[in-house]
Structures are given as structure tokens and as C-alpha cells.
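Engineer: With the hints as extra help, turn the sequences into a complete structure.
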Amino acid sequence: MKEVKEYEKDIASIRNMMERSVKFISLSGLSGVMAGMYALIGAAVAYFISHYPISPFRMRIYSVNEPGILWKLLVIAIIVLVASISTGLWFSNRKAKKANVKLWTSTSRQLVVNLAIPLVSGGLFILILLYTSHYGIAAPACLLFYGLALIQASSNTYDEVRYLGFTEIILGLTSALLPGYGLLFWTLGFGVMHIIYGTMMHLKYDK
Amino acid sequence: MKNPFEHLDKVLEHSVRLQIMSVLVANDAYDFNSLKDILGLTDGSIASHIKALEKEKYISISKSFIDKKPNTKYKSTERGRTVFKKHLDALEQLIKQQKK
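Heads up: the protein sequence lines correspond to chains A and B, in order.
Numbered by my numbering, the letters in the first sequence go through residues 1 to 207 in order.
Numbered by my numbering, the letters in the second sequence go through residues 1 to 100 in order.
The hints are simulated quantities; they were obtained by calculation from the structure and are not laboratory data.
One thing to keep in mind: the hints can contain errors.
Some residues of chain A that are not near chain B, with every Cβ distance over 10 angstroms (derived) [unchecked claim]: (1) Y52; (2) A83; (3) K97; (4) L148; (5) D159; (6) R162; (7) L188; (8) M200; (9) L203; (10) K207.
Per label pair, the in silico range of CB-to-CB distance [said to hold, decoys possible]: (11) B/K75 x A/F166: 44 to 54 angstroms; (12) B/K63 x A/A116: 24 to 34 angstroms; (13) A/I117 x B/T42: 32 to 42 angstroms; (14) B/K99 x A/A44: 58 to 68 angstroms; (15) B/I66 x A/N16: 24 to 34 angstroms; (16) B/K57 x A/E6: 18 to 28 angstroms; (17) A/N100 x B/K75: 19 to 29 angstroms; (18) A/H134 x B/K75: 40 to 50 angstroms; (19) A/R15 x B/T42: 47 to 57 angstroms; (20) A/A116 x B/S15: 28 to 38 angstroms; (21) A/S86 x B/I66: 19 to 29 angstroms; (22) A/S86 x B/I61: 30 to 40 angstroms; (23) A/V120 x B/D37: 40 to 50 angstroms.
No residue lacks a Cβ here, since even glycine has one placed at the ideal position from N, Cα and C.
Structural biologist: Dropping the structure here:
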């Protein structure tokens with residue numbers, strides 16, 4: 001007959017295995033903070049291209065109707081996206097190495113698939129919006145689809161990702177109600193929120 | 001549960017088998033290499049425990065090929081999940097009883 005301690009150890013190991021096998025724990029909070037910084041820089045550049053010298057807090061609907069601006073904004077968005085993903089991979093890889101686990105596991109594969117489905121459909125949808133000149137709801141659509149992707153992916157990682165997802169959805173819907181403030185909401189959702197949640201996750205899990 | 005010891009599962013008393021079952025209950029499916037990584041054990045010892053679990057029909061095995069490399073996936077069966085849950089309940093019960 002085993003001791004009580006042994007049974008407690010059994011239960012602890014069950015919990016540990018279930019969590020580690022389901023959750024991608026190499027996700028680094030710092031990568032969120034960096035993604036937020038890139039988004040802030042990107043938003044600042046976008047502001048100077050499209051709004052300046054009008055105050056960023058004033059409504060501006062027709063900014064993207066001027067020729068060439070749409071392409072510039074699109075290029076900025078893609079640079080921010082690529083920089084964020086590479087930094088995220090780099091930080092997460094570092095964290096995985098430190099913890100002596102592999103980055104590419106069946107859990108992280110699951111996470112990528114879960115993220116990709118809403119993100120790719122959203123990305124294509126937004127390109128179609130731009131192509132058909134529906135500029136006003138492109139920014140809210142970014143926030144909405146990103147929020148949905150995060151919620152979808154959150155079952156495989158930390159709970160904060162789910163809360164960030166809900167925050168993005170709320171911002172996206174509010175932004176859709178207030179046309180003309182797209183850039184402002186985009187900056188809040190992709191810049192400020194990433195920094196806030198990234199810092200929270202860094203303090204909680206990266207130590 | 002009057003006597004939780006009766007509900008403990010003999011096969012799952014072994015900690016590696018219990019861990020393998022935990023992973024397979026929490027996930028739809030898991031492949032051999034990922035299982036090896038997460039448990040941190042050698043091929044041989046995992047294979048023997050998997051065999052034991054398969055013999056009891058607690059898990060099912062599906063083999064396929066990805067890029068001509070064999071890819072073996074494991075899933076928990078209905079029977080496996082039921083036994084696992086009973087075992088877990090019995091563990092909890094035992095701890096509760098002995099703490100009184």
C-alpha cells in the first residue's frame with residue numbers, strides 16, 4: 001500500500017502532465033511588449049502619412065482616399081506584423097531553451113493552427129474590404145478577427161491571451177461604431193493592449 | 001465510495017502509465033516523439049508502458065507516414081478515460097480519508 005504522500009504526488013503529476021501537454025508555456029510576455037512597441041511606431045508613422053497635421057483625436061474619414069496612401073499604410077502594417085512574429089518566435093525560442101523544452105511541439109502546432117484559421121480568413125476579408133474601398137471598417141475588422149483568433153488559440157496557452165482576445169473584440173466593435181477613429185483604436189488594440197498584457201504575462205510567467 | 005482502494009486501477013498505479021494517460025486524456029491525440037519529449041524518457045521505456053496500456057485497451061494506436069517517416073499517434077479510448085477518471089476519484093478520496 002502506498003503512502004498518502006505518494007497519492008498526492010500522483011495527483012500532482014497528473015495535473016502537471018495535463019497542463020504541460022495542453023498549454024504552450026514558452027510564449028514569452030516580452031514578445032507581446034515588443035509587438036506593442038512596433039505597433040506604436042507603425043501607428044505613429046501611419047499618422048504622419050495620413051492624418052498629419054490634424055490631431056490624432058479628431059475624426060478623419062477620407063484620409064486613405066488620397067492616392068498612394070493605402071499602399072504605404074499596407075506596407076507599414078505588414079512590416080509591423082512580420083517584425084512582431086519574428087520577435088515573438090525569437091523570444092519564445094529563448095524561453096523554451098531556458099526551460100529545456102522544444103518550441104515546436106504538438107501543442108504549439110495546435111496553437112498555430114488555431115490562430116491561423118481566424119487570422120487568415122480575417123486577413124483575406126480585410127484585403128477584400130480594401131480592394132472594394134470599404135476603408136472605414138478595415139481597422140475594426142483587424143481588431144475583431146485578431147480577438148477571435150486569440151480566443152480560439154487561448155485554450156492552448158495562458159489565460160491572459162483569452163482576456164486580451166475579449167479586449168480586442170470590444171475595441172473592434174466600439175471602433176466600428178465610431179468611424180473615423182480607426183487608427184486610434186488600432187493603436188490602442190495592437191499597441192497599448194499588447195504592452196499591458198505582455199507586461200502582465202512577463203511578470204507572472206517569465207521569471 | 002466505501003473503499004476507494006477497490007477503485008484504484010492496477011495498471012495506472014505505475015506513475016509513467018498514469019502520466020501517459022494524463023496526456024492522452026487532456027489531448028485529442030499525441031504522437032510518440034511529443035510524448036517522449038514531454039515525459040523525458042527513453043524510447044524503450046515509453047514503448048513498454050504504451051504496450052501495457054494498449055493491451056488493456058486504454059489507448060488506441062494509429063500509424064501513418066509523414067514524408068516517408070513513420071508517425072505513430074496515440075489516443076485514449078472511452079474505456080481508458082472511464083478508468084482514468086475512476087482512478088483519479090479514488091486517489092482524491094484516499095487523500096481526503098487519510099487526512100481526517
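Engineer: Each hint should be assessed against the structure and marked as holding or not.
Structural biologist: Going through the hints against the structure:
Non-interface call for A/Y52 relative to chain B: holds, since the shortest CB-CB distance, roughly 51 angstroms, exceeds 10 angstroms. No beta-carbon of chain B is positioned within 10 angstroms of the beta-carbon of A/A83; the least distance is around 30 angstroms. In this structure A/K97 is separated from chain B by more than 10 angstroms, as the shortest Cβ-Cβ distance comes to about 14 angstroms. Under the 10 angstroms C-beta cut-off, the non-interface status given to A/L148 relative to chain B holds; the minimum distance is some 21 angstroms.
The claim that A/D159 lies off the interface holds: its Cβ sits roughly 16 angstroms from the closest Cβ of chain B, which is beyond the 10 angstroms cut-off. The claim that A/R162 is not at the interface with chain B holds, since no C-beta of that chain comes within 10 angstroms of its own (minimum 18 angstroms). Every CB of chain B is more than 10 angstroms from the CB of A/L188 (nearest about 36 angstroms), matching its label as outside the interface. With 10 angstroms as the threshold on Cβ separation, the claim that A/M200 sits away from chain B holds: the shortest Cβ distance comes to roughly 25 angstroms.
Distance check on A/L203: its Cβ is at least 26 angstroms (rounded) from any Cβ of chain B, clearing the 10 angstroms threshold; non-interface status holds. Non-interface call for A/K207 relative to chain B: holds, since the shortest CB-CB distance, roughly 22 angstroms, exceeds 10 angstroms. Separation of B/K75 from A/F166 is about 32 angstroms and departs from the stated range, judged on CB atoms against 44 to 54 angstroms. In this structure the supplied range 24 to 34 angstroms holds for B/K63 paired with A/A116, their Cβ-Cβ distance being about 27 angstroms.
Range check, A/I117 to B/T42: Cβ separation about 36 angstroms, and the 32 to 42 angstroms hint holds. For the hinted restraint 58 to 68 angstroms between B/K99 and A/A44, the CB-CB distance of approximately 59 angstroms keeps it satisfied. Remark: the range hint 24 to 34 angstroms for B/I66 to A/N16 is upheld by a beta-carbon distance near 29 angstroms. As the Cβ distance of B/K57 to A/E6 is approximately 26 angstroms, the hint placing it in 18 to 28 angstroms holds.
For A/N100 and B/K75, the Cβ-Cβ distance of about 28 angstroms falls inside the hinted range of 19 to 29 angstroms, so the restraint holds. Evaluation of the 40 to 50 angstroms hint for A/H134 and B/K75 yields a pass: the beta carbon distance comes to about 45 angstroms. The hinted window of 47 to 57 angstroms between A/R15 and B/T42 is violated, with their beta carbons roughly 24 angstroms apart. Separation of A/A116 from B/S15 is about 36 angstroms and conforms to the stated range, judged on CB atoms against 28 to 38 angstroms.
Range check, A/S86 to B/I66: Cβ separation about 26 angstroms, and the 19 to 29 angstroms hint holds. Taking the beta carbon of each, A/S86 and B/I61 are about 38 angstroms apart, inside 30 to 40 angstroms as hinted. Between A/V120 and B/D37 the beta carbon distance is about 28 angstroms. The supplied range of 40 to 50 angstroms is therefore violated.
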